[in-house]
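J.: Residue numbers (this note's numbering), protein chains in the order written: chain C, 17 to 624; chain D, 160 to 745; chain W, 18 to 167.
If you're looking for bench data, these hints aren't it; they were derived computationally from the structure.
Treat each hint with caution, since some may be false.
As the list claims (entries may be wrong) - Heads up, simulated DMTMM-like pairs for lysine to aspartate or glutamate below, C-alpha to C-alpha not over 25 Å straight-line:
no.: 1; chain 1: D; residue 1: Lys272; chain 2: C; residue 2: Asp147
no.: 2; chain 1: D; residue 1: Lys272; chain 2: C; residue 2: Glu513
no.: 3; chain 1: D; residue 1: Lys241; chain 2: C; residue 2: Glu496
no.: 4; chain 1: D; residue 1: Lys272; chain 2: C; residue 2: Glu496
no.: 5; chain 1: C; residue 1: Lys319; chain 2: D; residue 2: Asp299
no.: 6; chain 1: D; residue 1: Lys272; chain 2: C; residue 2: Glu506
no.: 7; chain 1: C; residue 1: Lys312; chain 2: D; residue 2: Asp326
no.: 8; chain 1: C; residue 1: Lys326; chain 2: D; residue 2: Glu199
no.: 9; chain 1: C; residue 1: Lys539; chain 2: D; residue 2: Asp326
no.: 10; chain 1: W; residue 1: Lys23; chain 2: D; residue 2: Glu316
no.: 11; chain 1: C; residue 1: Lys312; chain 2: D; residue 2: Asp299
no.: 12; chain 1: C; residue 1: Lys412; chain 2: C; residue 2: Glu458
no.: 13; chain 1: C; residue 1: Lys263; chain 2: C; residue 2: Asp147
no.: 14; chain 1: C; residue 1: Lys331; chain 2: D; residue 2: Asp175
no.: 15; chain 1: D; residue 1: Lys620; chain 2: W; residue 2: Glu141
no.: 16; chain 1: C; residue 1: Lys331; chain 2: D; residue 2: Glu282
no.: 17; chain 1: D; residue 1: Lys245; chain 2: D; residue 2: Asp326
no.: 18; chain 1: C; residue 1: Lys319; chain 2: D; residue 2: Glu411
no.: 19; chain 1: D; residue 1: Lys262; chain 2: C; residue 2: Glu458
no.: 20; chain 1: D; residue 1: Lys245; chain 2: C; residue 2: Glu458
no.: 21; chain 1: D; residue 1: Lys245; chain 2: C; residue 2: Asp459
no.: 22; chain 1: D; residue 1: Lys245; chain 2: C; residue 2: Glu496
no.: 23; chain 1: D; residue 1: Lys241; chain 2: C; residue 2: Glu512
no.: 24; chain 1: C; residue 1: Lys497; chain 2: D; residue 2: Glu210
no.: 25; chain 1: C; residue 1: Lys497; chain 2: D; residue 2: Glu531
no.: 26; chain 1: W; residue 1: Lys149; chain 2: D; residue 2: Glu210
no.: 27; chain 1: D; residue 1: Lys180; chain 2: C; residue 2: Glu325
no.: 28; chain 1: W; residue 1: Lys109; chain 2: W; residue 2: Glu141
no.: 29; chain 1: C; residue 1: Lys443; chain 2: D; residue 2: Glu210
no.: 30; chain 1: W; residue 1: Lys149; chain 2: D; residue 2: Asp326
no.: 31; chain 1: D; residue 1: Lys245; chain 2: C; residue 2: Asp147
no.: 32; chain 1: D; residue 1: Lys608; chain 2: W; residue 2: Asp38
no.: 33; chain 1: C; residue 1: Lys197; chain 2: D; residue 2: Glu174
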Amino acid sequence: MAFRTYLMVCAGTGCVANQSMKIKDKLEAEIKKQGLQNEVAVVTTGCNGFCAVGPLMVVQPDGIFYQLLKESDIPYLVEEHLLKGRPVKELLYTPPKEKTPVPKMSDIPFFADQTLIVLRNRGLINPENIDEAISRGAYEALAKVLTSMTPDQVIQEIKASGLRGRGGGGFPTGIKWETCKHAPGDVRYVLCNADEGDPGAFMDRSTIESDPHAVLEGMCIGAYAIGSQQGFIYIRNEYPIALERLKIAIKQAREYGLLGQNIFDKGFDFDVRVVRGAGAFVCGESTALMASIEGKPGEPRAKYVHTVEKGLWDKPSCLNNVETWANVPQIITRGAKWFSSIGTGDVSGDAWGGSKGTKVFSLSGKVNNTGLIEVPMGITLRKIIFDIGGGIKDGKKFKAVQTGGPSGGFIPESLIDLPVDYEELTKVGSMMGSGGMVVTDEDNCMVDMAKYFLAFTQAESCGKCIPCREGTKRMLDLLEKITNGEGTEEDLVLLEELSNMVVESSLCALGGSAPNPVLTTLKYFREEYEAHVKEKRCPAHSCRKLITYSIDPHICLEKGHGCDVCRKNCPDGAITGATKQVHAIDVIKCGRCGICHDVCKFDAIFVE
Amino acid sequence: MVTVNIDGTRIEVIEDTTILKAAEKAGIWIPTMCHCEYFEPYGVCRLCSVEVVRGRRSRIVTACNYPVRAGLTINTNSDRVKWIRKVIMELMLSRWPNVKVVKDMADKLGIEKPRFVSLERDEATDACILCGMCVNMCSDVVHANVLGFANTGIQREVVLAFHERSDQCIVCGACVSVCPTGHIKMVVEDYKGKKPEFTLGPKSAISVPSLQAVPRVPVIDTNSCIHFKTGGCEICSSVCEPNAINYDMKDEVVELDVGQILVATGYDIFDASVMAQYGYGALDNVYSSLEFEMMLNSTGPTGGKVLMKNGKEPRSVAILHCIGSRDTNHHPYCSRVCCMYALKFAHLVHDRTDAAIYQFYIDMRAFGKGYEEFYTRLLDEGITMIRGKAAEVVEGTWSDSHERSLMVRCEDTLIGRFREIPVDMVILCNAIESRKDSDIVKRLFSLSKSPDGFFLERHPKLDPTSTTTDGVYIAGCAQGPKDIPDTVAQASSAAARMLSLISKGEVEIDPIRAMVQDEYCSGCRICNNLCPYSAIEFLEDKKISHVNEALCKGCGTCVAACPSSAMTGQGFTDKQILAEIEGLMV
Amino acid sequence: MSFEPKIIGFLCNWCSYTGADLAGVSRIKSAPNVRIVRTMCSGRVDPAFILKAFQLGADGVVVMGCHLGDCHYQEGNYKTIRRIPFLKRLVKDFGIDPRRLRLEWVSASEGDRFAEVVNEMTEEIRQLGPLKLYVHNERKNGQPAKAEVH
């Protein structure tokens, strides 16, 4: 049944959290009220990507983008747009610094500069309906592979495309498949890593939530190529929506004969099992992930014998990230040539020679347009942050961007024109990682940021090997000491030495990369560390022990007339004064929480 | 074989051996703190970090699990490696400053004081250093999977699952033995009401049963061997160079065709715990004679020293005769050997300790050659002989020192007084009794037992070694309590009997046989199936039954069954028996 | 003078006879009324012997053998245990109280049991009184009739 108009309501986790399901119910009720139920359909889609302005909705086929919807807006919106055909201006997106709203989604800079491969179906299909996915070309690549290609041809195609692992390491996928295929053994496994543990990263979750069939199809093709019959998807239990959609997708694919015995009648058997992880960050590491699937504690082991030879249950296992798998069907359908035309470098001779295709990033932090973006490899950081991201919030000054999750490094403003690809990021001390991108501004203390991320990796260390367990803890202690203003110059030396040792000698990549935030901030923002150590001062006014709050008596009395709001809100009782009098802060009692600073409407409170 | 270069030394090793093993072969020491050859390398201490150069790339790897490949250059002592080891040791030293293995390793690597301050500092000398050896031992070797790690990061600790005692633990002690710091301890629990097992002293699951064993080879005790409990371990087979260990070896039943059998199945000792008055099994330091014999043995649990349970020498020892023998409640007979071994015990205790020795006896039966002389010598040695069977053994505090000890109560019949004698140790002279499984042996060989439960000889005077079953002989305590000279004499006699039969080459059989009177036999064949020895065959040509005289034992079952009275038993013919009956009726 | 029953005992050579021997050796007092016929096995005891014994004026018959499973000839006493109960029914038809016929297991070590069985049976038969049978060949002059046997 065809409809005149489709309302694509985003049902990604961010929008659902912002009550998008209530919006959907309200929309349906309102449409019925207006008698439009045979003309307008409401569709819940996977993550649209522009999470900053959720809950959001796209009206198709016009492509009108509505943002920040509230239940109370719905009756008016339905009446105006759907009945009278007039887009509601108040609910359209207006770029910062501009006045006129941009009605069409494709015109919004956030979307305009993206290239969608993995997320091509986002916001366009209902992920819980396989027919919609098929109508957008899902399983076409699988059909092509099974009917017209040999496993070796598939591997050649993937190799030629230059696809590299999107999970962080950037290992050439084709080579991985080939090694796995030729590893001795009769049973092989394909595994999908959907254990996205990085805080603030949700690429994999959104990919599964918006297009689970792309992942399944990719795994199917991979299994055909390497000769496997069983796949596992290791997914965090904290992703209930993704988990649910994945299960629905698998069920539907099985019903359609796209998983299971004798797929496409070509004698190829393959099935997928979903394994839920308990949420340990280290379980994203391949060997720990496999241990976890096996039912053992999720701890990594030495990988001197690679997992493609001895992985899950000591069988050759091909583990790829969600995003990598989702790329595969598109490469098969549209060809390696098309794929390798996107991105940097040349992979025809050396698989490590360039970064091809697109990469999904989750853009967060002090940037206007937070959300999920898919950009071609080689795009500059400037373009991501200032064009797609819409610049820094509140017009503050950009300081650094951290890429690659909690164990990625910070890239300073001086390197803002760095093209984003595997090699360039590694060269400056960071990494592609799974694609987290945290933007910091002038208010962020880099020592504190490093401490923040290290605290995460330290807490998530499995504790198996000494450098990671003991080393990261001692690093954290040193950072704590520095941010408390108790650090010495020897501590800085020791911190750097310890960081390097942890990188060199840790058992797995978690320990091997955990010191990255520390090392990069030490490299690019050493003067901030030195300010903490030598001058006992935090340049960004962020480290509590090193700042003091004070009230400008003139502003307080003249502008605010002693409004007394700060005194009422101070949890420590450190502010003295009364209405219509000058207020003052007792620095000894002050807990440096900053509440007074936030509540003062007259900017009378200063931080030093 | 591949050639690798370790610290400038070229060495040939099998491909895929670990760097650690290759270095060992080259005589190069690499520090390790979590490595044990019994399980897969764990690779967590990272102290064995070495630098591997391959082409132009150089990287740090752990020697314990990195497999060598051809053309590898390995630096085990470069500045980079030394630096990593130093920082790791500093981290360990800052957390566990008093653990001996950590201190020793730090000394070895030349690290004096760590630059770090650890907030998790553990001052214990036996702190757990999280090397994981116990966990690996338990899971990889023992396969019991009792120990594991809990928590992550700095909070990591070795625990039993859910911090609860596990039934899965087979108490093998592998974790205790592998723990480098002594953090894991074996706790001996008091099994109340349970008698400790009577064992041959401390031994591991694999040992030579006794020093006198023939052949003198070790055997595996399948009841305590880890492999037989969980299927794991197999350490012994990995260290046995001639590959002599075979776990599949089973007890097997061997069938031999023999003509004669000597039954010398021995005896059991009387279980004194049924006589509660002597406190055996309930009180410490009350021993049975065999247990004490074990203690006296120089290969025994105490190495031949006479010691109490607390490890001290006893100040006085009581030896109680006739426990279970000469007792109408248990065994009315005299066990014959106790008096003499009791004297031997007294002599050895006197020899090895300064203890006062008391013998509680009914009568001294020193009847053999030289025995009486031994008795007299013992009296001269100063042991105290008390004529009177001990009534009971009790425990209590008998002196001002409040030390608990034992006391023997008895009636001294020579002075006609009731006496209480405090002692530190009591040795019971348990009766010799027939074996608990003697009924099975009896059936097997169609033997008879005398009322005391021992096997019955054919004639107590004229034929004391043979039995009512032809070709089956008895000797030793299976026939009745006796000491070693008597046993040897009886066994020699039995052996001579058997040999005489062998040398003769033919067997005389009793003339008592069944016989078919051919003219009466109707050929009904009733007797054929009755014969337990299959001695009756049917002659097809004559259509009559026939007795094979060599097989027939003369039981007469067929005679009684023959409807035509064609079968007669020689010596027991119907005629003879009827005449006998007639005669009896006079 | 009180009635002294005459009892014929068929004793197996290996168990019961030895047991009787043991009773003697052990000086265990037992009634002298049982007159013993030794057979190699209780299975040798032909029912005809028992009937003959009754015919000749025995007041009771006791058959003693090894305990089941202990037979020197493996299974001779199993034959006996089939025959004697059958015979008990038969003697009843002859007018003989079946209590006069007994089957007992006495092993070589059971001298006391032998004495016990003998004493008990003697006492029982004493209670039953003499066996009165019409016998074709009356006793003549105190001489027993000549047994006619093959």
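J.: Now look at each hint and say whether the structure bears it out.
T.: A quick look at each hint next to the structure:
no.: 1; hint: D/Lys272 with C/Asp147; in the structure: violated (68 Å)
no.: 2; hint: D/Lys272 with C/Glu513; in the structure: holds (16 Å)
no.: 3; hint: D/Lys241 with C/Glu496; in the structure: violated (28 Å)
no.: 4; hint: D/Lys272 with C/Glu496; in the structure: holds (22 Å)
no.: 5; hint: C/Lys319 with D/Asp299; in the structure: holds (19 Å)
no.: 6; hint: D/Lys272 with C/Glu506; in the structure: holds (15 Å)
no.: 7; hint: C/Lys312 with D/Asp326; in the structure: holds (20 Å)
no.: 8; hint: C/Lys326 with D/Glu199; in the structure: holds (15 Å)
no.: 9; hint: C/Lys539 with D/Asp326; in the structure: violated (55 Å)
no.: 10; hint: W/Lys23 with D/Glu316; in the structure: violated (91 Å)
no.: 11; hint: C/Lys312 with D/Asp299; in the structure: holds (13 Å)
no.: 12; hint: C/Lys412 with C/Glu458; in the structure: holds (7 Å)
no.: 13; hint: C/Lys263 with C/Asp147; in the structure: holds (16 Å)
no.: 14; hint: C/Lys331 with D/Asp175; in the structure: holds (18 Å)
no.: 15; hint: D/Lys620 with W/Glu141; in the structure: violated (37 Å)
no.: 16; hint: C/Lys331 with D/Glu282; in the structure: violated (44 Å)
no.: 17; hint: D/Lys245 with D/Asp326; in the structure: violated (42 Å)
no.: 18; hint: C/Lys319 with D/Glu411; in the structure: violated (47 Å)
no.: 19; hint: D/Lys262 with C/Glu458; in the structure: violated (47 Å)
no.: 20; hint: D/Lys245 with C/Glu458; in the structure: violated (38 Å)
no.: 21; hint: D/Lys245 with C/Asp459; in the structure: violated (38 Å)
no.: 22; hint: D/Lys245 with C/Glu496; in the structure: holds (23 Å)
no.: 23; hint: D/Lys241 with C/Glu512; in the structure: holds (17 Å)
no.: 24; hint: C/Lys497 with D/Glu210; in the structure: violated (33 Å)
no.: 25; hint: C/Lys497 with D/Glu531; in the structure: violated (90 Å)
no.: 26; hint: W/Lys149 with D/Glu210; in the structure: violated (116 Å)
no.: 27; hint: D/Lys180 with C/Glu325; in the structure: holds (23 Å)
no.: 28; hint: W/Lys109 with W/Glu141; in the structure: holds (17 Å)
no.: 29; hint: C/Lys443 with D/Glu210; in the structure: holds (22 Å)
no.: 30; hint: W/Lys149 with D/Asp326; in the structure: violated (77 Å)
no.: 31; hint: D/Lys245 with C/Asp147; in the structure: violated (62 Å)
no.: 32; hint: D/Lys608 with W/Asp38; in the structure: holds (14 Å)
no.: 33; hint: C/Lys197 with D/Glu174; in the structure: holds (23 Å)
In summary, the structure is inconsistent with hints 1, 3, 9, 10, 15, 16, 17, 18, 19, 20, 21, 24, 25, 26, 30 and 31 from the numbered list given earlier, while agreeing with the others.
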